[in-house]
Amino acid sequence: MNHDETYRFDQTRHHAAIELKPEHIPDFQRLVKDLRTGSRFQFLIAEFNDVAYRSELIARINDVLVVAGLCPGQLALETHADFSAVETDLRRLAVDHQAVHILGGESWFDAVRWQAFNVRREAVAQGVPLCLIFWLTTAPISRLAQLAPDLWAWRGGVFSFSTIAPPLREAPVAQGGPVDARPLAERSKRIAVLREYLEAEPPLADDIRLPLLDEMAELYRSIGQLDEALRIRQQVTLPVFEKLGDVRSVAVTQGQIADILQARGQLDEALRIRQQVNLPEYEMLGEERSDAICQGKIADILQARGQLDEALRIRQHVELPE
Amino acid sequence: MAYSPPNDILEVLRDIEYDKALNLDDPRYVDTREARGSQKTLNRLARKFGLDLSDGRFSPATQRHVLFFGHTGSGKTTELLHYAKDLGGPGKYLVVEVDITDELDLHNVQYADTLMAMARALLTRLEREKITLGNDALKALEEWFSERVLNSEQANEFSAEIKSGAEVKGGIPYLVNLFSRFTVAFKTNATYKESIRKVIRNNFAEFATAFNRLLRQAEDALSVDGKAERVLFIIDGTDKLRGEDRSAFFVQDAEQLLAIEAHVIYAAPLSLKYEGNLTGKLDADLVLPMIKLYEHDNSPWAVGEQAMRDILLRRAAPALFASDVEIKRIVDHSGGHPREMLRLLKLCCEFAESKQIDADTVDLAIRQLASEYRRFLEPEDYALLAKIDKDPIHGGNDERTRKLLYNLALLEYNDGSWRRSHPVVRTLEGYIREQQAG
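In the order they appear, the protein sequences are chains A and B. The first sequence lines up with residues 412 to 733 when you count with the numbering used here. The second sequence lines up with residues 549 to 986 when you count with the numbering used here.
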């Protein structure tokens, strides 16, 4: 497997999973991994109970597949008279698709149609080189397992995306530190957990919400989603700290905004914040260490802009002595 | 170049395919006879066909129809392919394999279709082996064709097509061509299928006589050429027949199968063995044993564990596992069922977010597989499984037990002498509760 392609695929699937419900992320990741990497024919079962959410999932799965160079398709069962008609359509789709979402099975499949699929399964596997994702609600999946156990034994995987209202959960405790060693999969799942909790009604008190927002913004930054990290810092946390009159947190947040701008290459704006906002604030607060770090970051920007003399002066006369 | 298993998790995932049996020369094949105790099974199978594998003595009966049972996905096809090597050859059998999943439309397979496929496979094989038959060997079959099929009003459309299309008018190639047209029609042509079957049913006794004559003369010719003494058919795919088709094939129409004086092995689903309605003339006591990891008294069976480890490590390089503990847990939770172990391995590859399969990943895989069993198990199933585990030499064959055997929640070992629940099922709360209650 090409290492770069795999890396890109991993990035895409973890980013795509962020907006999902946290409990569905492992199954989403498994499913897209199977679709991209597994054998050319697969009989996959995806459980759902919310049509709108299923549509969102399908869109996200398709986004990931397209990045992986695969062409996804869709087939609605209700327009088909029998399984033979379905098979004909699948053969047609197999010409220029690699994966097909099959919808409507919860009302279309009865014992006879499951049996018809069951007896044709070898022929389908041979003649239809596709990953077939059957979107079904819970009861039809159990019926499939009972009515056609040998077809069930053929399943390539079962993936659960049911959205049962979860019981009230305890507030997640803010995690992470200056160096976040969590793997990408864990970070994207954590974002989903935080997002779901932060969006829940009623809104959380600021003292619970702000550390979680801080962690979420940092997670977004760490996985390269700088726009979202910047939005949280600029539009959500900064106004709250300003309203609260928390000068130190305002200074820290401004510094974090400057970090993001710097990472995006917006050096002028980053320099302006550090020189005109951060430095005066740290001086006012008497935070010498923060001041020195800020000076170092100013030197980084100047160095990147080719202003080496000024960068050297800061490093030698400001940063070092402190 | 020597085979080495994939050492990348994505490559392992890519190569797992449940729908394909391993070919004879596949480097991932592991000889599991000792682990299954199935060398004994092969010896028994050979003796049923008059062959003593220990000394090569060969004294076959006129005919023998043997059902070869096994759990879904337990490796019947792969094992039969390997058995064929031991049963075939000079002084033994010419093994003719017929896979009805390839040859026929599995939906609505009947004995007539299968017999036509057998005839075609035999004739094709004789042609390939360059066996020359006397004219009278084929005469009866050719006459049956021309008098009963080609002149039949019921099959006139089919006959017209054959008459116009046949280029060769005699000998093995002619018959191969005719039988091929039968099997193609059975597979693809709904219009002719019933009318042809009716013709065969109405004239079956004559067909059986003609086919038997062909078989005897073919066997004589094989013997003269020193290639084999008798013909043995291995019919694979019949274990995949469903519902009414299965009953019709193995129960209602068994007499027609038995009218062919041949040596035949049919793959059969394990649940059929316990339905109790098979005719006594079908030999129905041979089961492909599962690979047992433990004896029924729970003492470890090292040979079985080693075989399962070998299977696993030909699919995934040892370096992919964080430690030996993970390998052992996957093997243990497979219950000795190769496909279930591959399912666990696949789940591990899906869940793994690093380059290795660690303890957490194996946990997730076991929990996921268990949750798939929970979807169809009923409270009464847990009670029965807990009861059987308490008394593994449990003789019950009621419908619930058969269903559990069919869907692999219950696994059978030592030719069916004892049974135990699937290890992942034992992790489910419903099972644990029943076990504690008992």
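Calculated from the structure, these hints are not laboratory results. Each hint should be verified, as a subset may be incorrect.
So the derived list for chain A, only partly shown, Cβ under 8 Å to chain B, looks like this [what the hints assert, rightly or not]: (1) ASP445; (2) VAL530; (3) GLU533; (4) PRO594; (5) GLN673; (6) GLY676; (7) GLN677.
Pairwise CB distance ranges (calculated) [unchecked claim]: (8) ARG981(B) to ASN413(A): 41 to 51 Å; (9) ASP858(B) to THR417(A): 42 to 52 Å; (10) HIS844(B) to PRO540(A): 37 to 47 Å; (11) PRO540(A) to LEU572(B): 23 to 33 Å; (12) GLY636(B) to ASP415(A): 19 to 29 Å; (13) SER919(B) to PRO613(A): 50 to 60 Å; (14) GLY538(A) to THR610(B): 47 to 57 Å; (15) ASN751(B) to ASN460(A): 48 to 58 Å; (16) HIS844(B) to SER466(A): 45 to 55 Å; (17) LEU719(A) to MET549(B): 31 to 41 Å; (18) ASN413(A) to ASP908(B): 47 to 57 Å; (19) SER919(B) to ASP638(A): 32 to 42 Å; (20) ASP908(B) to ASP638(A): 30 to 40 Å; (21) ASP858(B) to PRO594(A): 29 to 39 Å.
Some chain A residues well away from chain B (every beta-carbon gap over 10 Å; in silico) [as the list claims (entries may be wrong)]: (22) LYS444; (23) GLN485; (24) ALA487; (25) ILE552; (26) SER553; (27) ALA559; (28) ILE575; (29) ARG606.
We treat Cβ as the ideally placed atom computed from N, Cα and C, and that holds for glycine.
A quick look at each hint next to the structure:
1. ASP445: holds, 6 Å
2. VAL530: holds, 4 Å
3. GLU533: Interface hint status for GLU533(A): holds (5 Å vs cutoff 8 Å).
4. PRO594: holds, 6 Å
5. GLN673: violated, 30 Å
6. GLY676: Since the shortest Cβ distance to chain B is 31 Å, the answer is violated.
7. GLN677: violated, 33 Å
8. ARG981(B) to ASN413(A): 41 to 51 Å: holds, 49 Å
9. ASP858(B) to THR417(A): 42 to 52 Å: violated, 29 Å
10. HIS844(B) to PRO540(A): 37 to 47 Å: holds, 44 Å
11. PRO540(A) to LEU572(B): 23 to 33 Å: Once the Cβ atoms are compared, 24 Å apart, the range 23 to 33 Å for LEU572(B) and PRO540(A) holds.
12. GLY636(B) to ASP415(A): 19 to 29 Å: violated, 50 Å
13. SER919(B) to PRO613(A): 50 to 60 Å: With Cβ atoms ~33 Å apart, the hint is violated.
14. GLY538(A) to THR610(B): 47 to 57 Å: violated, 41 Å
15. ASN751(B) to ASN460(A): 48 to 58 Å: holds, 56 Å
16. HIS844(B) to SER466(A): 45 to 55 Å: holds, 52 Å
17. LEU719(A) to MET549(B): 31 to 41 Å: For LEU719(A) and MET549(B) the Cβ distance comes to about 56 Å; the hint is violated.
18. ASN413(A) to ASP908(B): 47 to 57 Å: violated, 27 Å
19. SER919(B) to ASP638(A): 32 to 42 Å: Given about 37 Å between the Cβ atoms, the range holds.
20. ASP908(B) to ASP638(A): 30 to 40 Å: Holds: the Cβ-Cβ distance is about 33 Å, inside 30 to 40 Å.
21. ASP858(B) to PRO594(A): 29 to 39 Å: holds, 32 Å
22. LYS444: LYS444(A) not clear of chain B: closest Cβ-Cβ about 6 Å, inside 10 Å.
23. GLN485: Given that every Cβ of chain B is farther than 10 Å from that of GLN485(A), nearest at about 23 Å, it holds.
24. ALA487: holds, 24 Å
25. ILE552: violated, 6 Å
26. SER553: violated, 5 Å
27. ALA559: Check fails; 8 Å does not lie beyond 10 Å.
28. ILE575: The assertion about ILE575(A) holds, with a minimum of 14 Å to chain B.
29. ARG606: holds, 20 Å
The structure does not agree with the numbered hints 5, 6, 7, 9, 12, 13, 14, 17, 18, 22, 25, 26, 27 stated previously, though it agrees with the rest.
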